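Participant: Full structure from sequences and hints, please.
Per my numbering, the sequence shown starts with residue 5, numbered consecutively.
EDC-like mimics (lysine to aspartate or glutamate), calculated; alpha carbons at most 20 angstroms apart, straight line:
{"no.": "1", "residue 1": "45", "residue 2": "88"}
{"no.": "2", "residue 1": "76", "residue 2": "53"}
{"no.": "3", "residue 1": "65", "residue 2": "97"}
{"no.": "4", "residue 1": "76", "residue 2": "97"}
{"no.": "5", "residue 1": "78", "residue 2": "90"}
It should be emphasised that the hints constitute simulated quantities derived from the structure, not laboratory data. In this text the structure is predicted, and so the values were computed from the model without any measurement.
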Amino acid sequence: MLVTKKQPTNSEKKSDASQASQSSQALSQKHQTVHPKHTEKTRVVIHYDVGFNNHIYIRGKGADLSWDRGVKLKNVKSDEWVWETDIPFHSCEFKVLINDQIYEEGANHHLKHKGSVQYTPKFS
Numbered sequence: 005m006l007v008t009k010k011q012p013t014n015s016e017k018k019s020d021a022s023q024a025s026q027s028s029q030a031l032s033q034k035h036q037t038v039h040p041k042h043t044e045k046t047r048v049v050i051h052y053d054v055g056f057n058n059h060i061y062i063r064g065k066g067a068d069l070s071w072d073r074g075v076k077l078k079n080v081k082s083d084e085w086v087w088e089t090d091i092p093f094h095s096c097e098f099k100v101l102i103n104d105q106i107y108e109e110g111a112n113h114h115l116k117h118k119g120s121v122q123y124t125p126k127f128s
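Facilitator: Shown next, in the form of structure tokens:
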């Protein structure tokens, strides 16, 4: 006995394609990655021209900083240096240094999470 398979009509083909498309869309929506909104960063901006081949560093306690080893700030202008972090912390105190060797004068600066500090340090 010969059994023949029924061929789908054009409307059945369109219906099957539509269902497959909807199914794949639903599946892709289930597996979409949700990207969090851009969060505010904690920021320190230093205005100081240290001269050619010199750099500003930051040391401290909190915000993933250490008093033992400095973190180099990003030089964005000839006299502007920026340090940013999005790491959460409760409190932070810090000082900036020239070439991670010469501390700025005065007391430590304090910073809160998502806060911003901008100043011109004084070096002797």
